[in-house]
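All chains, please: the whole structure from these sequences, using the hints.
Number of protein chains: 2
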Amino acid sequence: MHIELVTIGDELLLGFTIDTNGAWLARELAQHGITIARRTSVGDGAGEIADGVRGALERTGAVITTGGLGPTSDDLTKPAIAQLFGRAMREDPDVVESLHQRWKSLGRTGEIPRSNLQQAQIPEGAGILANNHGTAPGIWLEDDRGRWVAMLPGVPREMRGMFTEALLPRILARRVGEPTVVRSHTIRTTGIAESALSDRIRNVAGLDLEGLALAYLPGWEGVDLRLTSRGTSDEDAVTRLARVADRLRPAAGAYAYGDGNTDLAAAVLAALRGAGKRIAVAESCTGGMLGARLTAIPGSSDVLLGGIIAYHNDVKVAALGVRPETLAAHGAVSEETAREMAAGARRALGAEVGVSITGIAGPDGGTPEKPVGTVCIAADVDGVVKSFRAIMIGDRQEVRQRSAQSALSLVRRVLNGTA
Amino acid sequence: MHIELVTIGDELLLGFTIDTNGAWLARELAQHGITIARRTSVGDGAGEIADGVRGALERTGAVITTGGLGPTSDDLTKPAIAQLFGRAMREDPDVVESLHQRWKSLGRTGEIPRSNLQQAQIPEGAGILANNHGTAPGIWLEDDRGRWVAMLPGVPREMRGMFTEALLPRILARRVGEPTVVRSHTIRTTGIAESALSDRIRNVAGLDLEGLALAYLPGWEGVDLRLTSRGTSDEDAVTRLARVADRLRPAAGAYAYGDGNTDLAAAVLAALRGAGKRIAVAESCTGGMLGARLTAIPGSSDVLLGGIIAYHNDVKVAALGVRPETLAAHGAVSEETAREMAAGARRALGAEVGVSITGIAGPDGGTPEKPVGTVCIAADVDGVVKSFRAIMIGDRQEVRQRSAQSALSLVRRVLNGTA
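The listed protein sequences derive, respectively, from chains A and B.
The working numbering puts the first residue of the first sequence at 643, with every later residue one more than the last.
The working numbering puts the first residue of the second sequence at 643, with every later residue one more than the last.
I should point out that these hints are in silico values taken from the structure, not numbers from a laboratory.
Watch out, some of these pointers could steer you wrong.
Since the list gives no way to pick out one identical chain from another, each pair is judged satisfied if it fits inside one copy or across any two copies.
As a list, the in silico DSBU-like pairs of lysine-lysine whose alpha-carbon atoms are at most 35 Å apart [what the hints assert, rightly or not]:
#1 K919 - K1012
#2 K746 - K919
#3 K1028 - K746
#4 K1028 - K1012
Computed from a prediction, not measured in an experiment: that's the story for all the values here.
Following this line, the structure appears as structure tokens:
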């Protein structure tokens, strides 16, 4: 089964927005053995939309669009495609009703804005794709030859929900015969460079990948190892991927922290839960990022107590009990200060584990001895403190992201005895 | 001048790679007044490449491709497009020579791999676009009607270098007459829905957009208003954009917090600096996100002291001085608790401003009275406290992002007297 994607919006042609919707849809469809034959991005104009969709319909007869469904006047997807199908627009009473429901559920009073009600204008004979994450309904339009266009909103959260809940079941129901299956399995590593990881894997004598493709995907979180299988039955692919992943994982050793899209923060929370310990954070240059990473995981409240954002040195002293002499002798960015911060967070919040970050995120503040990117990290588990100093690469944001990731990695390794 | 982009690679259709090349090229070309009429992504097959490029050539006669120029056998861009132009492939002695040079300059010995030399195969009559950042040369192919295709590599670093150094000068040299200049200006708003904002703007009697396009771009930060000018001289565009933006801004009122890519956190830091006040944060459900937003801005240390991540209620009491009776009577997610948290952060850190967030980020923890997304936010400026309760839409991450943004917005509005 082949589908074409048409993503709509002037901002895509001007380069203001990077089209993540297209990549997400492509991955989701590929997992169900559905091939994207082509992706096209066109502007907001009715003519451009109609031209782009017409060509895609002629080639594959199956088209998904994203964008141009909102309440403002630059959203022309529905009328442009309705005209292509020779359909008039009419107000759908069910959509009007659900717009009113949503308006009330958000606690809003007074009349719904007229522009909002415009979203109830639907092409004749169209099916509605329910939007449980926003107001603009999606549209399914099909002609008498079975050629169809599904119109999704451009807001990623709404698009993803609508695709999964309303569109994908409809597409799968139409599929006939055996699909080509693309499946992948990811092993996540952190704290090891891509080249060092590839050397370790190459050194495993007789490592059999069973025809699976292996890709190294580096990023600030670490290096992901992605195994991909294509073309065989789903069941066979899943077994082979699991088997080869089991062979690959030992080569990555303690650097591997999880599979799939496991977040290192979730792995750390699970380790804390397993050890029956609660954690408190102390953050200087990351300013709350580490706490935000941990609290991003639902259910983190059983092991995360909270923390202190000690951006100013006075706060390091007053709230964390860092000694002024330590700051004077070693500076705010030092392993000594990091160790006292970790211990201070643990004590101040009554936790078993304290973890701290202090560093120079840049762009200013570097010195020859402590260049931008210098970060000191410490973890205190029941009074035993481990720490290290490192230089993180990247801009301010990336230095901070890598610092939070390294702090999580240190806690994980202290807890599992590999630090 | 209109150009179409064709990005080539199976990985784009499988969604493994997000097409950042297309967005980058679009931005660069727009700056020179060149409009991207359409972007297409096709797979690695010779037929797909030829089909995609043929359509683009017929529509605009000016096409840039990226990808499929490397030494591996799945790189079919050159032969596929050569065939489209009715040209044979031949080995280019200059390219052979430069491949040898590069081989030696990298300190490699022995024969160049044959796969590497294949990169010297060039369509007859083609121009070479020098690659100073890799081995694959770019190709310029033009027919007798002046229609052209420029083929760039897919590796972003090589593509960017080649575009800037070799392709852009060639394109600008072809341009005849006055270029169409595309310029835009963005006004950022927060705290108002897209539909309400559009109603306010529509209600401005006699609002003259002077032919500029106005787009509403909603996201969790708020709604951006983007004005775009096309077709006149650069100077005129800049003046017109500024003039229309000045007319539009009052319609957005206190919801408008900045222009261009201003971060609300930066606007808040500037307002604090202007008022000579320092700030401390108190975060529950956002767990450090608000602190991370503020510390993301370089130079924030002069007005941001730090904060308390009070995820557990014990921390709210012990570190922020929230009264247990308040928690018992109103719950952790209440304006009353938020107000005591803000006041507590201000006092605990010795700041003039305290800001707090407490809420139910989900997916669990909601009740009929306080559904998931319920968030209470307070700001204490010199002992005067303002607070509100709202329901944030979206998943856990988005509820948290919107909460941090709303807290920044409250601080800004308290400081400028519009809260």
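Hints versus structure:
no., hint, verdict
1, K919 - K1012, "both (34 Å within a copy, 30 Å between copies)"
2, K746 - K919, "neither (43 Å within a copy, 39 Å between copies)"
3, K1028 - K746, "between (53 Å within a copy, 25 Å between copies)"
4, K1028 - K1012, "within (20 Å within a copy, 42 Å between copies)"
The structure shown violates just one earlier hint, number 2.
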